[in-house]
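Student: Chain residues, written in single-letter form:
Protein chains: 2
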Amino acid sequence: MFDILETKERVLADNEAAAALTRKKMEQFGALLVNLMGSPGAGKTSVLLQLIRLLNADYRIGVMEADVDSDVDAKTVEAAGARVIQLHTAGLCHMDADMTRRGLDALGTDGLDIIFLENIGNLVCPAEFEIGADLRLMLLSVPEGDDKPLKYPLMFSISDVLLFNKIDTLPVFDFDIGLATQRAKALNESIAVFPVSAKTGEGFEPVAALLREKIEQRRIQA
Amino acid sequence: MFDILETKERVLADNEAAAALTRKKMEQFGALLVNLMGSPGAGKTSVLLQLIRLLNADYRIGVMEADVDSDVDAKTVEAAGARVIQLHTAGLCHMDADMTRRGLDALGTDGLDIIFLENIGNLVCPAEFEIGADLRLMLLSVPEGDDKPLKYPLMFSISDVLLFNKIDTLPVFDFDIGLATQRAKALNESIAVFPVSAKTGEGFEPVAALLREKIEQRRIQA
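So the sequences go chain by chain: P and X.
First residue of the first sequence: 8, per this note's numbering; consecutive thereafter.
First residue of the second sequence: 8, per this note's numbering; consecutive thereafter.
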């Protein structure tokens, strides 16, 4: 086990250096980079479509769609009005900082105010690989269960924003939002929590408001 | 990217060699090893409890509960009557063949007829790392969506059995079982598909029958 862990530490250190470069680059561009993470089927693409709907009139939006090897989501997101690039991880379970940097170069950051990376559906690996994002936004959907902070603690620890998605299905699942919030906050006191439904659109106004605030801050910095 | 891919191939080759050893060992013991995989919240533990309920009277069951670092599930499964060991992957997103072998040694295979490994909740990494299982059983839950075979094809390609779980929630989700089956079969013609609900217990009899058949076959081989 020891050798494996040492290899991993080296990989993570290299990754952190690459992420720092991206962070600096985004500051220069005056654009905000958001790392969107969650399980398969948690609703990442649908959440993205809701956020594009609310931000599209005022901001220019870029999206990097990371997939193991499909392009199901990229077409939908492009139709919603964002500048889109499809990234294939060729079997890898996460995006790393270097792949993200290449993605940003290929997408072209010029003129964009906010760029979302829709990460691979996974609660483990993406939590370990910093991509140089300004904001880490994770989804936990109601059908997944309110025990997930206990099982995948790192993801909740490193995220800035947590959306409880699919709240329209609360009547059919034993999901306690209070308990889930308490478990997430025990890991990460400052995590901002929003219950939403990407199906009905409920709850997205305050999430969009938070993003607007961050975009404006970044513009002033640049 | 090239270096990364070469490293990965080496890791996978070493893993395959370790998996082959486990496979031989299980044949000698006369026990069946099942690799249980699925997304976070797909219902792996609840499915396991249903299968234990149906098999417990006739067979001695062992369970290896792999978790990133919790032991939420191990207690529940032990209470259901299985011999249980908790495995911590220390942040890794999958179990590999070597970790599985250590787990089997620690659990003690003597006297057991069937051993389940509940893998880390993830549709990517566990598909790449063979553990030496006799049967790969994956879950796709209705709330995750019927497009998942398109997005995580490897998992569907390498699985022997696919359970569509949470069918009690079909009325609230746009999930087409026919379409999902067709997409899974396009990747893997011989995959056996069963719609189930671990909440209500519906649909588990044929799954248990399949496992009984495999256990009996293994006993004859040993």
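Warning: the hint list may mix true and false statements.
Chain P stretches covered by chain X per the calculated footprint, using a threshold of three residues with CB under 8 Å from any CB of chain X [claimed, not checked]: (1) 43-49; (2) 76-82; (3) 131-139; (4) 158-170.
Read the hints as simulated data drawn from the structure, not as lab findings.
Glycine included, each C-beta is placed from N, C-alpha and C at the ideal position.
Student: For each hint, tell me whether it holds in the structure or not.
Tutor: Comparing the hints with the structure gives:
1. 43-49: holds (count 3)
2. 76-82: The restraint on the segment 76-82 of chain P holds, since 3 of its residues have a Cβ under 8 Å from chain X and three suffice.
3. 131-139: With 3 residues closer than 8 Å to chain X, the segment 131-139 of chain P meets the three-residue bar; holds.
4. 158-170: n = 4 at 8 Å, threshold three: holds.
In this structure, none of the earlier numbered hints is contradicted; all agree with it.
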